[in-house]
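If you want the building blocks of each chain, they are given just below.
Number of protein chains: 2
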Amino acid sequence: MRREITGFSNPLIKQVRSLREKKFRKREGRFLAEGLRIMTEAREAGFLPEMLFLVKGQELHPLAAALEQEVISAGGEVIETSSDILSKLSGKDNPQALVGVYADIAKPLTEVDRDSAPIWLVAQAMRDPGNLGTMLRTGDAVGAGGLILIDDCTDPFSVEAVRASMGAVFTQSITQCRWEEFVLWLRGGNGQLVGTSLQTDIDYQACEYAAPCFIMTGNEAQGLPKAYEAECDALVKMPMYGKADSLNAAVATAVMAYEVRGQMRRS
Amino acid sequence: MRREITGFSNPLIKQVRSLREKKFRKREGRFLAEGLRIMTEAREAGFLPEMLFLVKGQELHPLAAALEQEVISAGGEVIETSSDILSKLSGKDNPQALVGVYADIAKPLTEVDRDSAPIWLVAQAMRDPGNLGTMLRTGDAVGAGGLILIDDCTDPFSVEAVRASMGAVFTQSITQCRWEEFVLWLRGGNGQLVGTSLQTDIDYQACEYAAPCFIMTGNEAQGLPKAYEAECDALVKMPMYGKADSLNAAVATAVMAYEVRGQMRRS
Chain A
1 MRREITGFSN
11 PLIKQVRSLR
21 EKKFRKREGR
31 FLAEGLRIMT
41 EAREAGFLPE
51 MLFLVKGQEL
61 HPLAAALEQE
71 VISAGGEVIE
81 TSSDILSKLS
91 GKDNPQALVG
101 VYADIAKPLT
111 EVDRDSAPIW
121 LVAQAMRDPG
131 NLGTMLRTGD
141 AVGAGGLILI
151 DDCTDPFSVE
161 AVRASMGAVF
171 TQSITQCRWE
181 EFVLWLRGGN
191 GQLVGTSLQT
201 DIDYQACEYA
211 APCFIMTGNE
221 AQGLPKAYEA
231 ECDALVKMPM
241 YGKADSLNAA
251 VATAVMAYEV
261 RGQMRRS
Chain B
268 MRREITGFSN
278 PLIKQVRSLR
288 EKKFRKREGR
298 FLAEGLRIMT
308 EAREAGFLPE
318 MLFLVKGQEL
328 HPLAAALEQE
338 VISAGGEVIE
348 TSSDILSKLS
358 GKDNPQALVG
368 VYADIAKPLT
378 EVDRDSAPIW
388 LVAQAMRDPG
398 NLGTMLRTGD
408 AVGAGGLILI
418 DDCTDPFSVE
428 AVRASMGAVF
438 TQSITQCRWE
448 EFVLWLRGGN
458 GQLVGTSLQT
468 DIDYQACEYA
478 APCFIMTGNE
488 AQGLPKAYEA
498 ECDALVKMPM
508 YGKADSLNAA
518 VATAVMAYEV
528 RGQMRRS
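Protein chains in written order, with my numbering: chain A, 1 to 267; chain B, 268 to 534.
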């Protein structure tokens, strides 16, 4: 059964719209995802929205119709509304005609099974939601297990990060923790911590990588703190042939991750 | 000599602010770059702004002071104004305290010297300014000669693209042309055209690359048109180990470019 909401001032609309802000996401333990492609990715990964918003009277794509049925079967709510109200929820002029409210899916470090994947990505104080979302997307592509967020990273469940992840926010495990917790956990088992840095002469293709390999990328402007670099089992750099001294953080992570994966499949 | 502008409604402020829009950039043949880092990159590459805007009364970084002197020596204008007006020019709440107006530096295809670099990047109908700027930044890092834009790409001289390029907009040659022109030019000399595609079984690490190698990446949502793929000397794909079927366009370009460069330095 669908429920209809027609008014902008409806309290549920206000509440859902508030999930565009981090403090409300934290308080509610929920986040937003938009668009059929991302929500289908979520569904295939086993995640259904608690609430599904769609435009009244609009013909549904078969995948959207299937999604609606599953949401209802699972006891979720389907709410139809105007395209103007949906635009307000999605914050885009051209709303993607589907918005979902999902329960928080962050995973505590203690539940991360490091041996379930050969590669893990670690982001330290990453500030740009597009970069974080792109790292998730890359992690999925390269077969990483998930993303571990250290220090004050931008929220991986922001609308911008979820969008840039293209759904990988649902297929990669996401863990937020302090550096000390991470190191304690990491050293309690096997795992190679690899940092990308400008403070090294070791070429990224000259290093031997071993699973589970934790590829750590630092803040966009500052890079990794010195103490974090000192903890790494290997510090490597990509050759720079031009004037610039660095790559975009998400790009550097991807070049590293494909190098590590390429080595692993050759050996 | 500095000139001071105090009013928001000053015609020059309006004119410079209009450069945030593509149609005015085209009309004026000028574009904006912001911030000391990017403008220093420009200066080192031999490009000075015709006009330099800075905040009145603010102490200048030595590099900014040097830039100011060079702008004056070259006959350019230095304009001091309030931080509010500078914010209006830069479109950011936290302006980077320097804004420059540069003359258009796009290069016609006939002036591109393909043998001057082992790698060239080609973007087809790329829509996201962040992706285009990131491609320029990656091109600089990997030692590419420049970026060739085919079909209806987003403007590489937009404020967003310039910012994402981190100054590589000044160190990479930038050429916009139609596909037919590009092919005619390409086939008039040596050069390997490599496309990334989902419609191939050839692994990107199984292909042999030769300089000058033109790495072509298609539109974010559609990929390359079939006819363009047919023209490629090699179509390759990166292995996808997860649920997703693609990487972010700028990320895919970077993984490819570092693979090509890595092969070239081993041989």
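Hints should not be assumed to be uniformly reliable.
Unchecked claim - Not the full set, but computed from the structure, chain A residues with beta-carbon under 8 angstroms of chain B: (1) 137; (2) 142; (3) 171; (4) 210; (5) 242.
Stated by the list, open to error - When the alpha-carbon atoms are kept at most 35 angstroms apart in a straight line, the in silico DSBU-like pairs for lysine-lysine are as follows: (6) B:510 to A:92; (7) A:88 to B:355; (8) A:243 to B:374; (9) B:493 to A:22; (10) A:56 to B:355; (11) B:293 to A:14; (12) B:323 to A:243; (13) B:355 to A:22; (14) B:289 to A:88; (15) A:243 to B:290; (16) A:92 to B:290; (17) B:504 to B:493; (18) B:290 to B:374; (19) A:107 to B:290; (20) A:88 to B:281; (21) B:293 to B:281.
Just so you know, these hints were derived from the structure itself, not from any lab. Ideal Cβ positions, reconstructed from N, Cα and C, are used throughout, including at glycine.
Consistency of the hints with the structure:
1. 137: Check passed: Cβ of residue 137 (chain A) comes within 6 angstroms of chain B, closer than 8 angstroms.
2. 142: holds (6 angstroms)
3. 171: holds (5 angstroms)
4. 210: violated (17 angstroms)
5. 242: Given a least distance of 4 angstroms, the restraint on residue 242 (chain A) holds.
6. B:510 to A:92: OK: residue 510 (chain B) and residue 92 (chain A) at ~26 angstroms, within 35 angstroms.
7. A:88 to B:355: holds (26 angstroms)
8. A:243 to B:374: holds (19 angstroms)
9. B:493 to A:22: Measuring from Cα to Cα gives roughly 42 angstroms; hence the hint is violated.
10. A:56 to B:355: violated (40 angstroms)
11. B:293 to A:14: violated (42 angstroms)
12. B:323 to A:243: Given pair residue 323 (chain B), residue 243 (chain A) holds - Cα atoms ~31 angstroms apart, limit 35 angstroms.
13. B:355 to A:22: Given that 35 angstroms is the threshold and the Cα spacing comes to 27 angstroms, the pair holds.
14. B:289 to A:88: Judged against 35 angstroms, a Cα distance of about 27 angstroms means the pair holds.
15. A:243 to B:290: At roughly 30 angstroms apart (the allowed maximum being 35 angstroms), residue 290 (chain B) and residue 243 (chain A) satisfy the hint.
16. A:92 to B:290: holds (23 angstroms)
17. B:504 to B:493: holds (15 angstroms)
18. B:290 to B:374: With Cα atoms ~19 angstroms apart, residue 290 (chain B) and residue 374 (chain B) stay inside 35 angstroms; holds.
19. A:107 to B:290: Violated - the C-alpha atoms of residue 290 (chain B) and residue 107 (chain A) are around 47 angstroms apart, more than 35 angstroms.
20. A:88 to B:281: holds (31 angstroms)
21. B:293 to B:281: holds (16 angstroms)
Figure legend: structure checked against the earlier numbered hints; hints not met, in rising order: 4, 9, 10, 11, 19.
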